[in-house]
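Student: Taking the hints into account, I'd like the entire structure generated from these sequences.
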Amino acid sequence: MRLTDIRIRTEGPSRSVTCLPRLNYLRTLEAESIHILREVASEFERPVMLYSIGKDSSVMLRLAQKAFYPGPIPFPLLHIDTGFKFKEMLAFRDEMARAVGANLLVWRNEKAIASGANPIALDTKRCCDLLKTQALLDALKHYNFDAALGGARRDEEKSRAKERIYSFRDRAGQWDPKNQRPELWNLYNARIHPGESIRVFPLSNWTEVDVWQYIHEEKIPVVDLYFAKERLMYVRGEALVPVEQAFIARPGEMPQLVKSRLRSLGCSPCTGAIRSNAGTIPAIIAELLTCRLSERAHRVIDHDQEGSMEIKKRGGYF
Amino acid sequence: MAAAAPEFSIDDYLLQESEKDLLRFSTAGSVDDGKSTLIGRLLYDTQSVYEDQVRSVDGKGTTAPGQIDFALLTDGLRAEREQGITIDVAYRYFSTARRRFIIADTPGHEQYTRNMATGASTADAAVVLIDSSKGVLLQSRRHAYIASLLGVRHLIVAVNKMDLIRYNERVFRAIERDFRLLLAQIAADTGSPVELLFVPVSALLGDNIVHRSKAMQWYGGPSLLELLEMLPSSLDMRDMPFRFSVQRVVRPDHSFRGFAGQIASGTVRRGARILVQPSGESAEIARIVAWGGDLDEAHAPLSTTLVLNHEVDISRGDLIVSSLAPATVARSIRASLVWMDRRPLEVHRRYQLKHTSLTVPVLIASLESRTDMESITNESAQTLEMNDIGVAMLDLLRPIAVDLYAANRHTGSFILIDPESNCTAAAGMISGAWRHATSSRSLRANASGAVTAEERSAAWGHRAGVLELTGPIEIIDLLERSLFQEGAVTCRIDTRDAALETDTGLLQALIRSTTQAGLLALVVTPAEIDTLTVRVEGEQIVLDAKLPRKVIVAVHDLLARSGILLSREGEESR
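So the sequences go chain by chain: A and B. Counting in the numbering used here, the first sequence tops out at residue 323, every number present. Counting in the numbering used here, the second sequence tops out at residue 560, every number present.
Check the hints yourself; a few may be wrong.
[As the list claims (entries may be wrong)] Computed footprint of chain A on chain B, listed as stretches where at least three residues anywhere in the stretch have a Cβ under 8 Å from a Cβ of chain A: (1) -5 to 5; (2) 74 to 83; (3) 205 to 214; (4) 231 to 238; (5) 275 to 288; (6) 532 to 542.
[What the hints assert, rightly or not] Covered stretches of chain A, going by a simulated chain B footprint (3 or more residues, C-beta under 8 Å): (7) 37 to 43; (8) 64 to 76; (9) 112 to 126; (10) 135 to 142; (11) 195 to 205; (12) 212 to 226.
By construction, these hints were calculated from the structure, which means they are not laboratory data. Idealized CB from N, CA, C, for every residue including glycine.
Tutor: Printed below as a string of structure tokens:
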């Protein structure tokens, strides 16, 4: 047989004039994220979306609605409930799942919760290990999920900056940062052996401001805790600790009303609030543009020790 | 927490943001070139680092007291901070008043070259760092070569540590001259011209990083950041031929059947004539579906859902293209490979090839050459080891629609996946595409003895088989056409042939020699009836001959089930 060389035509015979403007930066990110969500839904047998109720999850949920429109979201949502989430968050979660028509799964490490695990009785690291990491690993195993979508961004923290979009996890759910699969162009390697899994981060290339701009443009609902209001707080130096759990109070400590908001949502004992007047999304964006502290600066858990996020991720944290 | 400036208007801000474009660039340098320091400086001086992140590293580094060790800002892993090296590619984000930037920060030492290719694969520009006291090293050659090979169009050479050589212009000019010579040689090899820019810097002291340096009046040019702001923005994919890889068939109910994907290049309009590849079927765009309402027109890189004007058999991995400028349906390709796996390349071994949203089995037919980085020359080789770069011929066991990498980064690229370990084994850039497989030729060159059934099956891309068909000749013609388009090599035997009627043993002999040749024998009995009877290896089905699409799908399924045709992966979602 003779080889027949086919010359590839590099340009079409007729060049048409495009009247639409180029996609701007944010819409380029949107298109990339939708591409990732569709790849996951098509290439894995049992994918799930980790839904944490926060702003990033809210954006990821909207992107999933868009990706499969006019069809439904083809995977369930999974919330890891530590038992220490703000009441407003849980109400918001149930309402969103209803509104979107998604199948919401909630998983709690009931054994640890029943035995009284909390960040004061234990330390924050051991509390996180039990109520978040262990609960997540148990849930993924229980449902046999082979891919878990998460809303983490690379700009959040420096070990996250080293994450792939498809983050390979071994049978124990562990991350090996020194042995990651190369990730080129937009070609994602979804091949795994039984028991292994992939954590997928469709918002990898978004920054905190991008998330808020998108929420603003798309009018995406977010939990009210993000907006500044007079809230009862224990004031400890620069730190504001929300009054939500009784055990958090120190002897004789009195809460004060402080105009404040949460910059990122987590468990109430470990998520510090910030003093703020930003009561609207535009005000939040304006605040972020002048803010000199990172999103996670107010959190208690990331500071336990140098590289604590990396250690947690190696252990299976998302 | 600072209060918002009173005159701040979110609408003005969003308008300003919406006009910003995006530049993705990668950075590379050898160990101790000061790359992390340079990026740390770039982020710090553009106020892209938060104070708490600076505070957490202040006093922990190896720099003099009072100075921030910028490298500690970017080296995110504990092993990196402990060993003072960068291990893995990291992504950084920053913004100026003009533009948004994504940096792919890649380690420079040899064993992590695969990460350099990773960073360069999505980059429009690359910043290569050179230590002014060391000049152009082997690593610099490698970086320039990979950037050129991966189609990075602009290369900025930042000659660092100028402060250590007292800002000596002659040293800078000598490096510039050496590098220009090197790049001319590289471009001749990769066939990909790259624009070169040079800037003398001191990352440690901030000279010519963000602000122009007063210490180098002889230079007088823009700082590194100014260069990055001035480069032409990312390649505009809108004016290229339309390419849309189907990721998923969206079929929420019987009234809607759409094809979800991302526009890789070009523009699509309602009513446009398209071609589906590799099948070659054509249709018109009926709807461009989006969440906010249908669009009249859409362009790259939008993710959207297309609805066609009539029912066409399309599944995940098919490429929808402009009918005026289709892609090449190829059974064999030539490609540059950057080998990334510990297990070296093995000629004649099967790998999985992922191209757009399609994964197909592929056979490495031959290795043409390996590139020697020191001399930038091609030498013959038996294998590629991790971090080697070479050119190979690959046989696709199913035809796919491709473009050359030089013409289209999305439809001209692929990755190879090791079928045993599932590791990403190589990155590939297509430089040639052919309609037929090459393996018969290459296997002949390397094997001896009788030709085996396995060799034949590798050559044809399917197993030998007998497909018995009884029914109208029109539907048999259509069916053979569809098999042909899938790449099957068919041989038709008409049972009513006069010679066969006189000698019944002859038919069996014909079938035997056809299957021994590894071909798909179509044993055809034309009949003017309404049904088509199909028999494959003892399994028989009767189909309605008036429903050609159903017939084609059913027969292809039957052949896949019996292992004659390779089964199609990632069939449309249900």
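Student: State for each hint whether it applies.
Tutor: Tested hints:
| no. | hint | in the structure |
| --- | --- | --- |
| 1 | -5 to 5 | holds (count 6) |
| 2 | 74 to 83 | holds (count 6) |
| 3 | 205 to 214 | violated (count 0) |
| 4 | 231 to 238 | holds (count 5) |
| 5 | 275 to 288 | holds (count 8) |
| 6 | 532 to 542 | violated (count 0) |
| 7 | 37 to 43 | holds (count 4) |
| 8 | 64 to 76 | holds (count 7) |
| 9 | 112 to 126 | violated (count 0) |
| 10 | 135 to 142 | violated (count 0) |
| 11 | 195 to 205 | holds (count 3) |
| 12 | 212 to 226 | holds (count 4) |
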